[in-house]
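*Asks:* The chain contents come next:
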Amino acid sequence: MKFGSHRAGRGRRILVGSVAALGALGLTACSSGLQGASSGSSSAAGSGSGGSIKIGYISPRTGVYAGFTDGDPFLLSEIRRQLAKGIEVGGKTYQVEILDRDSGSDPQKAGQLADDLINKDKVDVILATSTPETVNPVVAKCEAEAVPCITTIAPWQAVYFGGGFGGSKPMKWTNHFFFGLEGFAGVDPNAWNQIQTNKKVGVLWPNDADGQAFRNAKTGYAPIAGKRGYTIVDPGAYENGTKDFTAIINKFKQEHVEILAGVPVPPDFVTFWTQAAQQGFRPKAVTVGKALFFPATVPSIPNNLGQGLSFAAWWGPTFPYKSSLTGDTAQQFIDKFQASPEGQGLTWNQATPLNYALFEVAKKALEGSGNPNDKAAVHGAVSKLTVDTLAGKLDWANGPVPGIATIPTVIAQWELKDGKWDWVVVANESFPDIPAVRKLEPLS
Amino acid sequence: MSWLNAVVQGVLLGGFFAISALGLSIVFGVMRIVNLAHGALMILAAYGSVLLIERTGLGTWSSLLVVVPVMAALGYLLQRLVLQRAVSISELAPLMVTFGISIMIPNALVELFTSDVQALPTGNLATRSVSAGGIAVGLLPLLTFGIAVVLIAGLQLFLARARSGRLMRAAADDSQALRLMGVDNRVVYAQATAIAFATLALAGVLFGVRQGGVAPFDGQVTVLLAFETVIIGGLGSLWGTLVGGIVLGVTQTLGGEFSPEVPLLVGNLMFLAVLAFRPNGILGRETRA
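Protein chains in written order, with the numbering used here: chain U, 1 to 444; chain P, 445 to 733.
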């Protein structure tokens, strides 16, 4: 019983062509729909004796990484409020104009936006955030055009080594802050040590930039965790979007894995974890990055299977950080966000305070530069900066490599109490200032 | 044993691929329209369920009673008011229209629902399994496979026996002759689209249940796999969709037995192999034109 067979020849060519077109266009163009939506700007009139400063801000407001920028509308109006009176540099007041742009989670577009901001809008400094897909092309453009660039939310190795820096090619114009591999591999064992296991760790390292960095035999995850006595069971680099994890689950079962770690994307982790439950794989501890970072992922895992999962956290209500603009504590910042019109219907996430801190750093650097329109002076000021921000203490003078400042992580565990999902800090050896609420509870 | 397990899991995965591809197969088989928005529409349907669960207290399954007819109506209207006109412009116009829709839907969903995952709870269904001969079979994949088989059998019967089903086959074969018989082929097309949208609505909600929830951009990968399923199975053949899904699913899980790096790759290779050696698909008929 078939229909339409006599025209199938022509039709098939259309269909096959469409698959190709979809592969080429679909994944990049799908997210370019709302580019105009976020291009606001604050008032800029030269009221003081100074001039004006233009700050470009590029973030993935739409597209697959839009989850990182949920809080952007809130933080942008907050920042514009704080900077409405301008920035004072060397006794002169400069009006500040913030040009925010949406990368659509697309590397090509991120690079193009940086180009436009530099060459058309003539910005003084560029800020970029959230995943190497947006950060790296902006960094590359800023380095090429000699414009100071401040970035965050991408493992620093992915930005530094991933961008081809190091050795004879230093980062000349970029200052990045975030943690790297050490923020996972050096911290995960702190939580594992709290429970009795056979020290066998099954890992989900996908076949992407993050996964490859973790898998590296010399600079990756295994050597760091190995020093603490843990053995890594790596089933191999699976593709993002894999729909069946049977082979990996079997491998973990055969090797008697009792701990699960990795950096899967949220849908893959949910697929894996649901299937693991179906097929009877139940490790005692789960410390998974990336997937569990989004507050909406864990509650969505079927049958409350998110209970007891843990992850490396870099920011939360109990972290002893304060905004250098308003003096708000982490908890006050969360309260403000939830109460704001832009925060309605959203759960706060850990990305917003880091995006906010980009502006704190930019303000401090511009103030310290002596002349905010002098690009070399601005970049020089960031590089010497040690500043307490809403994202913690950022110190570019003492980073792992020039141009990188790191922030600490602790291990947090999800729990469901009275029908509400929340996470609490369980292992804080890496940063004792953040109080640990209790020990890691093993999964039963 | 692990090989047998891989095959079983692959077959069940194939049921999910088949149900995701069914609507695409119908729209293409009857109207020759390549619906690039197929994946996005599936996700739209799943968001319909999310909305109903939030606002009316319906459960995930009972929300289907509303979502499926609403999506069917949407399909009918979309075909009558938009796609039919696009077809009269040029062969590529419907492609552009559906491509546009595939961009509009996820971005509109981001605006309305944020990019957070929206949960589609089904209690412990997604994690339950039955064990047979040492192989654990997930209840939800089993259910999905069953729904796929029943749905395809039902549609097949409809196309063979029901008057409107026969008209659809006639419209697919020769719409001009059909018009000469006094039947408005545009109405037949719209009915076929409505059926296709009903199946994709069901597939979308099943997808959300499988993943525990939906996010706006989930349709992108789904639609690619649906295309491959249709082509592997054979264009215009409903059972072919099931066969294509199973072949794709088993290829992927068997590939996973060799190395976790390869499932999607060997799936794509299988797709290319079918194109090269059996261009009409496994159950596809020889092309006369």
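Just so you know, not all the hints are guaranteed correct.
Residues from chain P that face chain U, not an exhaustive set, calculated with beta carbons under 10 Å [unchecked claim]:
1. A517
2. Y520
3. V526
Listed below are several chain U residues computed to face chain P (Cβ distance under 8 Å; list not exhaustive) [unchecked claim]:
4. A66
5. I195
6. T242
7. A247
8. G280
9. T297
10. P299
11. S300
12. Q307
13. L325
14. T329
15. Q332
16. I334
17. G345
Keep in mind the hints are simulated off the structure, nothing from the lab. It should be emphasised that the depicted structure is a prediction, and the values quoted were computed from it without experimental measurement. Note that the Cβ used here is the ideal one computed from N, Cα and C, for glycine as well.
*Asks:* Which hint numbers doesn't this structure obey?
*Replies:* Hints 1, 2, 3, 5, 12, 13, 14, 15, 16 are the ones this structure does not satisfy, whereas the remaining hints hold.
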